[in-house]
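K.L.:
Next come the chains, spelled out residue by residue.
2 protein chains.
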Amino acid sequence: MGEKMTTASQNIPVRLAGRRYALSIGCGHTPSLGKTFKQADWGNLAIVLTNPTIRSKAARQVMASFKKARVATQLLTVPDTERSKSMSSLSRLLNQLAGSVGPGMRPVLVLVGGGVIGDLGGLAAGLYKRGIPYIQVPTTLLAQVDSSIGGKTAVDLPQGKNLVGLILQPKYVHCDTAFLKTLPERQFRSGLVEAFKSAIIGDTQLFGLLERRSVEQIRKSPSDLRTIVSRAARVKVKVVELDEFETKGIRMKLNLGHTFGHALEAAVNYSSVYTHGEAVAIGTVVATRIARSLKLISAGEADRIVVGLDQLGFPIRVGRKIKRTVLYDAMSKDKKWTSGAHRWVLPRRVGQVVVKDGVPVRMVRQAIESVME
Amino acid sequence: MGEKMTTASQNIPVRLAGRRYALSIGCGHTPSLGKTFKQADWGNLAIVLTNPTIRSKAARQVMASFKKARVATQLLTVPDTERSKSMSSLSRLLNQLAGSVGPGMRPVLVLVGGGVIGDLGGLAAGLYKRGIPYIQVPTTLLAQVDSSIGGKTAVDLPQGKNLVGLILQPKYVHCDTAFLKTLPERQFRSGLVEAFKSAIIGDTQLFGLLERRSVEQIRKSPSDLRTIVSRAARVKVKVVELDEFETKGIRMKLNLGHTFGHALEAAVNYSSVYTHGEAVAIGTVVATRIARSLKLISAGEADRIVVGLDQLGFPIRVGRKIKRTVLYDAMSKDKKWTSGAHRWVLPRRVGQVVVKDGVPVRMVRQAIESVME
Numbered sequence: 001m002g003e004k005m006t007t008a009s010q011n012i013p014v015r016l017a018g019r020r021y022a023l024s025i026g027c028g029h030t031p032s033l034g035k036t037f038k039q040a041d042w043g044n045l046a047i048v049l050t051n052p053t054i055r056s057k058a059a060r061q062v063m064a065s066f067k068k069a070r071v072a073t074q075l076l077t078v079p080d081t082e083r084s085k086s087m088s089s090l091s092r093l094l095n096q097l098a099g100s101v102g103p104g105m106r107p108v109l110v111l112v113g114g115g116v117i118g119d120l121g122g123l124a125a126g127l128y129k130r131g132i133p134y135i136q137v138p139t140t141l142l143a144q145v146d147s148s149i150g151g152k153t154a155v156d157l158p159q160g161k162n163l164v165g166l167i168l169q170p171k172y173v174h175c176d177t178a179f180l181k182t183l184p185e186r187q188f189r190s191g192l193v194e195a196f197k198s199a200i201i202g203d204t205q206l207f208g209l210l211e212r213r214s215v216e217q218i219r220k221s222p223s224d225l226r227t228i229v230s231r232a233a234r235v236k237v238k239v240v241e242l243d244e245f246e247t248k249g250i251r252m253k254l255n256l257g258h259t260f261g262h263a264l265e266a267a268v269n270y271s272s273v274y275t276h277g278e279a280v281a282i283g284t285v286v287a288t289r290i291a292r293s294l295k296l297i298s299a300g301e302a303d304r305i306v307v308g309l310d311q312l313g314f315p316i317r318v319g320r321k322i323k324r325t326v327l328y329d330a331m332s333k334d335k336k337w338t339s340g341a342h343r344w345v346l347p348r349r350v351g352q353v354v355v356k357d358g359v360p361v362r363m364v365r366q367a368i369e370s371v372m373e
Numbered sequence: 001m002g003e004k005m006t007t008a009s010q011n012i013p014v015r016l017a018g019r020r021y022a023l024s025i026g027c028g029h030t031p032s033l034g035k036t037f038k039q040a041d042w043g044n045l046a047i048v049l050t051n052p053t054i055r056s057k058a059a060r061q062v063m064a065s066f067k068k069a070r071v072a073t074q075l076l077t078v079p080d081t082e083r084s085k086s087m088s089s090l091s092r093l094l095n096q097l098a099g100s101v102g103p104g105m106r107p108v109l110v111l112v113g114g115g116v117i118g119d120l121g122g123l124a125a126g127l128y129k130r131g132i133p134y135i136q137v138p139t140t141l142l143a144q145v146d147s148s149i150g151g152k153t154a155v156d157l158p159q160g161k162n163l164v165g166l167i168l169q170p171k172y173v174h175c176d177t178a179f180l181k182t183l184p185e186r187q188f189r190s191g192l193v194e195a196f197k198s199a200i201i202g203d204t205q206l207f208g209l210l211e212r213r214s215v216e217q218i219r220k221s222p223s224d225l226r227t228i229v230s231r232a233a234r235v236k237v238k239v240v241e242l243d244e245f246e247t248k249g250i251r252m253k254l255n256l257g258h259t260f261g262h263a264l265e266a267a268v269n270y271s272s273v274y275t276h277g278e279a280v281a282i283g284t285v286v287a288t289r290i291a292r293s294l295k296l297i298s299a300g301e302a303d304r305i306v307v308g309l310d311q312l313g314f315p316i317r318v319g320r321k322i323k324r325t326v327l328y329d330a331m332s333k334d335k336k337w338t339s340g341a342h343r344w345v346l347p348r349r350v351g352q353v354v355v356k357d358g359v360p361v362r363m364v365r366q367a368i369e370s371v372m373e
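Chains as they are written, first to last, in our numbering: chain A, 1 to 373; chain B, 1 to 373.
These are calculated hints, taken from the structure and not from any lab test.
Incorrect hints may appear among the rest.
A pair holds if it fits inside one copy or across any two, identical chains being indistinguishable in the list.
What the hints assert, rightly or not - Calculated cross-link-like contacts (lysine-lysine; reagent style DSS-like; alpha-carbon spacing at most 27 angstroms):
1. Lys35 to Lys295
2. Lys57 to Lys171
3. Lys38 to Lys248
4. Lys171 to Lys129
5. Lys220 to Lys181
6. Lys68 to Lys238
7. Lys356 to Lys57
8. Lys129 to Lys238
9. Lys68 to Lys171
10. Lys67 to Lys248
11. Lys238 to Lys323
12. Lys129 to Lys356
13. Lys35 to Lys67
14. Lys171 to Lys248
15. Lys35 to Lys220
16. Lys129 to Lys248
17. Lys161 to Lys129
18. Lys295 to Lys67
19. Lys57 to Lys248
20. Lys68 to Lys295
21. Lys321 to Lys129
22. Lys220 to Lys295
23. Lys181 to Lys68
24. Lys356 to Lys68
25. Lys67 to Lys220
All of these numbers come straight from a predicted model, not from anything done at the bench.
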């Protein structure tokens, strides 16, 4: 697809009980966001929340788009790091909102950034004056294929991540893949893991595309990027539509690779030793090995998953520096946190996963040992 | 009704889109709460949040009831004063929740207290792990007839009251009028104003009862108390059922007397010069005078309202210590806050109110001047 056509965009509808909104996926279509906002009449004040440094280019484009459409704007910033997902940041942001909204204004929070901005900002939108509308403008691959979709908002507590939050859908998700051009490579790769995960959960064609490409090829191809973002987004949308509030055991499927992934992240104190995506990649290998032990998946399909991860340059083993004791300790805590002891999301084949209760601890240990260097 | 019958209780259903829950109104029926909880299987851990001092008797009864029913309990306390409705209290409470809930537990927050406990605790329940169930056990008259019903939860910001919150319904509201026996008289009287307000909004029979009684008579009569609490609750339930999320302009009717009432509370810095109920009583007089100026209400019905308030010993005038300038300043701020400039809830007759836009400022001033001593 040539550069000339990159401003075209497609809308993916999200249909939920009593509400409906759209994910707009395009490349370079941010200049039209203000007009879309104006026409939908979501409000008359766009409060843009963004990262003070890294994502400023995207935020500038968003602000310019609102200005062109004569929508009043305000700019608020918060660092896009996990530390911002705290009760004190939330408190500060709510105070800033109270200071930004004049009489008679109908404010809308516009969240331009990665998962942190989306999680924190979505929660603030849900709480300010018992709820104002918000729009997601994800600027990282991880946010575009995963965190901006499904309405999960949260901040952390000292006792654990995402312990405070809401499930609250945005009015609109604006995904411009042009934002991804400037992403650091490791961050891009990390986001790609969630697309790979979505492919395993429900899209064999997407998996086929990811199998045939290198990360470099994907980064350079606007067409591939749009295909990957829109197909991965569709998988997530479909799951969320079936189980918005995570009460039916379906939404849990999105946690493929996350049980061990979270433990690994916790074991390295959420440091840069592993990005979220890298931890999920290794976690997906663990889940695949457990599925194999349980004979849920064929050897051929299991290999496709592990080889696919490896070929895209994702880690599939835990480095020697990580101590087993720390890892198993984190593991048991994580199991408690999810309150489903020994409950795992396991692949049956590429394109299908199951939620399995009562997985024997022995099998879990074997699978973990198989990824330890 | 004799004391023998006081453990009987009645259930008022609250029917909302997709959900339904009950208000249980009785006198002395708290010993049955644990059994109700157990049978409904709302969870397996009752975390009781209450005031460390004043309401301890009610909380002890609640705890005993859970213990008798073999429901695990935890006790958390927070002072039942407006200062507790802060982001920092919320943060502390969420940390305590994270520390109280062990693996595999299904916690339910049980809010034993007045409006502060209910508002803060309900919000914490809505946010902890993206929502756990909660139960209201209101112990003040104000909470029983008003704040425990309708799912409004909130904390304050330095910029204003209730600026952070959710509309989120409880699983159950347990109203035991026996708790009201030990209420200080001024607090009891203050709560009675909201029942009086509900009568004007939608219950002529309740109004008739309140017209014929003194506060002392009501306090001494378990039968009157139950009638008043259940009839006032029904009025509120009916309004909330029609407009749960305050999007249809119906729920606003519950703000009768509150436009001026809030301004008066703000003018005295929410000090004990006026309780909330006292401020709402004077605000109801102001609204009645505006309605009279607009010829929305007959002179006879307007008199019934003002005389009714006066006979129950509620203030119907603003004392000389309150400066007009401070009051008008607070007034204009409050109008902005509610974002409906010159929008008033006005009585048409006892049992019916209307929401009126574009009330002339001149009439508002006249009505306010009529209550200034």
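K.L.:
Indicate, hint by hint, whether the structure satisfies it.
P.N.:
Hint check:
1. For the homomeric pair Lys35 and Lys295, neither the shortest alpha-carbon distance inside one copy (53 angstroms) nor that between copies (45 angstroms) is at most 27 angstroms.
2. Within a single copy, Lys57 and Lys171 get their C-alpha atoms as close as 23 angstroms, which meets the 27 angstroms cut-off; across copies the closest is 46 angstroms, which misses it.
3. Taking the shortest Cα distances, Lys38 and Lys248 sit within 27 angstroms of each other only across copies (23 angstroms), while inside one copy they are farther apart (37 angstroms).
4. In this assembly of identical chains, Lys171 and Lys129 lie within 27 angstroms of each other by CA distance both inside one copy and across copies; the values are 17 angstroms within and 23 angstroms between.
5. For the identical chains of this complex, Lys220 and Lys181 are intra-copy neighbours only, at 8 angstroms inside a copy versus 75 angstroms across copies, given an alpha-carbon limit of 27 angstroms.
6. Taking identical chains as interchangeable, the C-alpha atoms of Lys68 and Lys238 are never at most 27 angstroms apart, the minima being 34 angstroms within one chain and 46 angstroms between chains.
7. In this assembly of identical chains, the alpha carbons of Lys356 and Lys57 never lie at most 27 angstroms apart, being 44 angstroms within a copy and 46 angstroms across copies at closest.
8. Taking the closest pair of Cα atoms, Lys129 and Lys238 come within 27 angstroms of each other only across two copies (23 angstroms); inside a single copy the shortest separation is 31 angstroms, beyond that limit.
9. Taking the shortest Cα distances, Lys68 and Lys171 sit within 27 angstroms of each other inside one copy (21 angstroms), while across copies they are farther apart (47 angstroms).
10. Taking the closest pair of Cα atoms, Lys67 and Lys248 never come within 27 angstroms of each other, the shortest separation being 43 angstroms inside a single copy and 31 angstroms across copies.
11. Taking the shortest alpha-carbon separations for Lys238 and Lys323, neither the intra-copy value of 38 angstroms nor the inter-copy value of 60 angstroms comes in at or below 27 angstroms.
12. Within a single copy, Lys129 and Lys356 get their C-alpha atoms only as close as 41 angstroms, which misses the 27 angstroms cut-off; across copies the closest is 22 angstroms, which meets it.
13. Taking the closest pair of Cα atoms, Lys35 and Lys67 come within 27 angstroms of each other only inside a single copy of the chain (10 angstroms); across copies the shortest separation is 60 angstroms, beyond that limit.
14. Taking CA atoms no more than 27 angstroms apart as the test, Lys171 paired with Lys248 passes in both settings, with 24 angstroms inside one copy and 19 angstroms between copies.
15. In the homo-oligomer, the alpha carbons of Lys35 and Lys220 never lie at most 27 angstroms apart, since the shortest distance is 29 angstroms inside one protomer and 64 angstroms across protomers.
16. In the homo-oligomer, the alpha carbons of Lys129 and Lys248 lie at most 27 angstroms apart only across protomers (16 angstroms), although the nearest pairing inside one protomer, at 30 angstroms, exceeds that limit.
17. Taking the closest pair of Cα atoms, Lys161 and Lys129 come within 27 angstroms of each other both inside a single copy (25 angstroms) and across two copies (10 angstroms).
18. In this homomeric assembly, Lys295 and Lys67 never come within 27 angstroms of each other (Cα to Cα): the closest approach is 58 angstroms inside a single copy and 46 angstroms across copies.
19. Taking identical chains as interchangeable, the C-alpha atoms of Lys57 and Lys248 are never at most 27 angstroms apart, the minima being 40 angstroms within one chain and 40 angstroms between chains.
20. Neither within a single protomer nor between protomers do Lys68 and Lys295 lie at most 27 angstroms apart by alpha-carbon distance, with minima of 58 angstroms and 48 angstroms respectively.
21. Taking identical chains as interchangeable, the C-alpha atoms of Lys321 and Lys129 are never at most 27 angstroms apart, the minima being 48 angstroms within one chain and 32 angstroms between chains.
22. For a Cα distance limit of 27 angstroms, the shortest separation of Lys220 from Lys295 qualifies neither inside one copy, at 39 angstroms, nor across copies, at 72 angstroms.
23. In this assembly of identical chains, the alpha carbons of Lys181 and Lys68 lie at most 27 angstroms apart only when taken from the same copy (24 angstroms versus 63 angstroms across copies).
24. Taking the shortest alpha-carbon separations for Lys356 and Lys68, neither the intra-copy value of 52 angstroms nor the inter-copy value of 37 angstroms comes in at or below 27 angstroms.
25. In this assembly of identical chains, Lys67 and Lys220 lie within 27 angstroms of each other by CA distance neither inside one copy nor across copies; the values are 31 angstroms within and 64 angstroms between.
The structure does not agree with the numbered hints 1, 6, 7, 10, 11, 15, 18, 19, 20, 21, 22, 24 and 25 stated previously, though it agrees with the rest.
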